[in-house]
Amino acid sequence: MAKMTKEEVIEVAHLARLAITDEEAVHFADQLEAITNAMELLNELDTENVEPTTHVLPLVNVMREDKSIEGLPRELVMKNVKEHEGGQVRVPTILD
Amino acid sequence: MKLADKTANELQELLHSKELTIADLTEATFKRIKELDPKVDAFLALNEEQATKQAAEMDQTDTGERGPLFGLPIGVKDNIVTEGLETTASSLILKGFNPIYNATVVDKLRDAGMVIVGKLNMDEFAMGSSNENSYYKNTKNPWNLETVPGGSSGGSAAAVAAGEVPFTLGSDTGGSIRQPAAFCGVVGMKPTYGRVSRFGLIAYASSFDQIGPITRTVKDNALLLNAIAGHDEKDSTSANVEVPDFTAALTGDIQGLRIGVPKEYFAEGVSEASKQAVKDALKVLEEKGATWEEISLPHSKYALSTYYILASSEASSNLSRFDGIRYGYRTEKAGSLLEFYMNTRSEGFGDEVKRRIMLGTYALSSGYYDAYYKKAQKVRTLIKQDFDKAFENFDVIIGPTTPTPAFKIGEIIDDPLTMYANDILTIPVNLAGVPAISVPCGFDNGLPLGLQIIGNYFDEETVYRVADAFEQATGFHKETPQTWEGAAQ
Numbered sequence: 001m002a003k004m005t006k007e008e009v010i011e012v013a014h015l016a017r018l019a020i021t022d023e024e025a026v027h028f029a030d031q032l033e034a035i036t037n038a039m040e041l042l043n044e045l046d047t048e049n050v051e052p053t054t055h056v057l058p059l060v061n062v063m064r065e066d067k068s069i070e071g072l073p074r075e076l077v078m079k080n081v082k083e084h085e086g087g088q089v090r091v092p093t094i095l096d
Numbered sequence: 001m002k003l004a005d006k007t008a009n010e011l012q013e014l015l016h017s018k019e020l021t022i023a024d025l026t027e028a029t030f031k032r033i034k035e036l037d038p039k040v041d042a043f044l045a046l047n048e049e050q051a052t053k054q055a056a057e058m059d060q061t062d063t064g065e066r067g068p069l070f071g072l073p074i075g076v077k078d079n080i081v082t083e084g085l086e087t088t089a090s091s092l093i094l095k096g097f098n099p100i101y102n103a104t105v106v107d108k109l110r111d112a113g114m115v116i117v118g119k120l121n122m123d124e125f126a127m128g129s130s131n132e133n134s135y136y137k138n139t140k141n142p143w144n145l146e147t148v149p150g151g152s153s154g155g156s157a158a159a160v161a162a163g164e165v166p167f168t169l170g171s172d173t174g175g176s177i178r179q180p181a182a183f184c185g186v187v188g189m190k191p192t193y194g195r196v197s198r199f200g201l202i203a204y205a206s207s208f209d210q211i212g213p214i215t216r217t218v219k220d221n222a223l224l225l226n227a228i229a230g231h232d233e234k235d236s237t238s239a240n241v242e243v244p245d246f247t248a249a250l251t252g253d254i255q256g257l258r259i260g261v262p263k264e265y266f267a268e269g270v271s272e273a274s275k276q277a278v279k280d281a282l283k284v285l286e287e288k289g290a291t292w293e294e295i296s297l298p299h300s301k302y303a304l305s306t307y308y309i310l311a312s313s314e315a316s317s318n319l320s321r322f323d324g325i326r327y328g329y330r331t332e333k334a335g336s337l338l339e340f341y342m343n344t345r346s347e348g349f350g351d352e353v354k355r356r357i358m359l360g361t362y363a364l365s366s367g368y369y370d371a372y373y374k375k376a377q378k379v380r381t382l383i384k385q386d387f388d389k390a391f392e393n394f395d396v397i398i399g400p401t402t403p404t405p406a407f408k409i410g411e412i413i414d415d416p417l418t419m420y421a422n423d424i425l426t427i428p429v430n431l432a433g434v435p436a437i438s439v440p441c442g443f444d445n446g447l448p449l450g451l452q453i454i455g456n457y458f459d460e461e462t463v464y465r466v467a468d469a470f471e472q473a474t475g476f477h478k479e480t481p482q483t484w485e486g487a488a489q
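The listed protein sequences correspond, in order, to chains A and B. Each residue of the first sequence is one higher than the one before, counting from 1 in full-length UniProt numbering. Each residue of the second sequence is one higher than the one before, counting from 1 in full-length UniProt numbering.
Bear in mind the hints are in silico, worked out from the structure with no lab data behind them. Given the structure is predicted, the values throughout are model-derived calculations rather than measurements. Do not rely on the hints blindly, as some may be mistaken.
Computed spacing ranges between beta-carbons, pair by pair [as the list claims (entries may be wrong)]: (1) A:34 to B:370: 20 to 28 Å; (2) A:77 to B:231: 25 to 33 Å; (3) A:11 to B:370: 15 to 23 Å; (4) A:68 to B:487: 50 to 58 Å; (5) A:75 to B:475: 52 to 60 Å; (6) A:77 to B:240: 26 to 34 Å; (7) A:71 to B:485: 48 to 56 Å; (8) A:11 to B:92: 23 to 31 Å; (9) A:27 to B:244: 45 to 53 Å; (10) B:337 to A:71: 26 to 34 Å; (11) B:145 to A:60: 43 to 51 Å.
Backbone N, C-alpha and C fix where the C-beta goes; we use that ideal spot for every residue, glycine too.
Could you put together the complete structure from these sequences and hints?
Have a look at this one:
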């Protein structure tokens, strides 16, 4: 049985760009440990000679014709941007 | 005139005979939503002004130029983008998000002349089985307001069950159309993966997600799938296959139909009432000329683990786009770029979304990739092969949609594994990518039960034919919940 530690959860949260408190990390560690333990059921199966499925349909790369098409107007694209200036997205100052 | 229990055909007859106008129907729909939704809490944003205007214009169209869905109201799950109508996927991180284009399915609804009345509540980013993961509110099950409507398309199923709207769209990644349809006693179809364009569906797990219709009757469901199905060059995973008229499959004739009944779908954890309802349903189908045999889908018990590894991995990648820069929620507390991202995401996402992002990040991280992600992809192959093999000898596979009827709000929300187990009978279908429908098949203590009918790839026609034959023979779809009584029609 894999043990999920608080430190591991903090590391995973960091990789996923999620800020979590120590208290939350302990809570998530318990839950994620229970979930990953349940997932170890898969180890019962011998999958040595089984091909992985990434997609259920026999898909191939789809290419469109190499010709330019008009994109969305910039004004429209900026509609959900909190602050923008001169067609650029404005973000908080984060460099000293 | 009672409108709330009318089918598409019946509504069209009223519209064609001028007994009813599209404007009247739209007005009545909003009236009913306003009366019932304070109890049911199915809707998020309403589209009243635009819908009312559209309806009045549509009344001018000659009846001879109208299709079968023209002028009829529909609600859309809130993870499907609608131009100019707030779309949040029930997450704080998308609060106030105003899409600048329509999902392909929304354009198709418009082409069919449908009137979009509003957006429907769901579990945040479609992650959940009870609608309790919505940032905004808990949708209630119209059959018993203390119980959940299921999820993640809980708002879509509850709105139809309450008679607020005759049609809705949901999305199904691990059971999110079929499970709430079963809990709310309505008809919910998850089409074959690739049958319906995902363009404009806010992605959760892209190799599973599929949009589908929720309705009161099988015929209405087939009509709505007719409208939304088809290849779309904007979704490179949509299948370039012919779309038949699904309503033409509703012949009522299932003579000689071969049904496989997987013994794994009657295992421990599945309630006696659910099992009995399916056995009774099989008798009904036998009387209509079908035969059934017990079969085995031997890898069923591995489906839940496989799904949560793969879907969480895909989610961890898909949800990395929510960074607070170009749209959506943005933190006030940021001393560095890293803090900006981390605080935005921590404040904007709910706990279940965080759990799945972390689980997926863990499964994809170096050192664990082979043990979890790659292993699960291989088991997915075995699960798919179970179905391929079964469909060599059978036309459909039938079992319960869920192990139990709807549970109480708050009952299992703190126990993720028990919550995940709700989808144990629907998840294998998504892993394989085949189509499946849930239709009402009985009650347990006043709560609806669902019959799941699974078909072969792109054979929604057979699924619909069987579902319709069952519906015609039983009439469970005519039962309505108590929330209906005395409400505006």
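Here is what the structure says about each hint:
Residue 34 of chain A and residue 370 of chain B have their C-beta atoms about 22 Å apart, which keeps the hinted 20 to 28 Å range intact. Between residue 77 of chain A and residue 231 of chain B the beta carbons are some 27 Å apart, a value that agrees with the proposed interval 25 to 33 Å. Here the CB-CB span from residue 11 of chain A to residue 370 of chain B is close to 19 Å, well matched to the stated 15 to 23 Å. The supplied range of 50 to 58 Å is met by residue 68 of chain A and residue 487 of chain B, whose beta-carbon atoms lie about 54 Å from each other.
Taking the beta carbon of each, residue 75 of chain A and residue 475 of chain B are about 54 Å apart, inside 52 to 60 Å as hinted. Between residue 77 of chain A and residue 240 of chain B the Cβ separation comes to about 30 Å, which falls inside the hinted range of 26 to 34 Å. Residue 71 of chain A and residue 485 of chain B have their C-beta atoms about 53 Å apart, which keeps the hinted 48 to 56 Å range intact. Look at residue 11 of chain A against residue 92 of chain B: about 25 Å separates their beta carbons, and that is inside 23 to 31 Å.
Separation of residue 27 of chain A from residue 244 of chain B is about 50 Å and conforms to the stated range, judged on CB atoms against 45 to 53 Å. Between residue 337 of chain B and residue 71 of chain A the beta carbons are some 27 Å apart, a value that agrees with the proposed interval 26 to 34 Å. A hinted range of 43 to 51 Å for the beta carbons of residue 145 of chain B and residue 60 of chain A is consistent with their spacing of about 50 Å.
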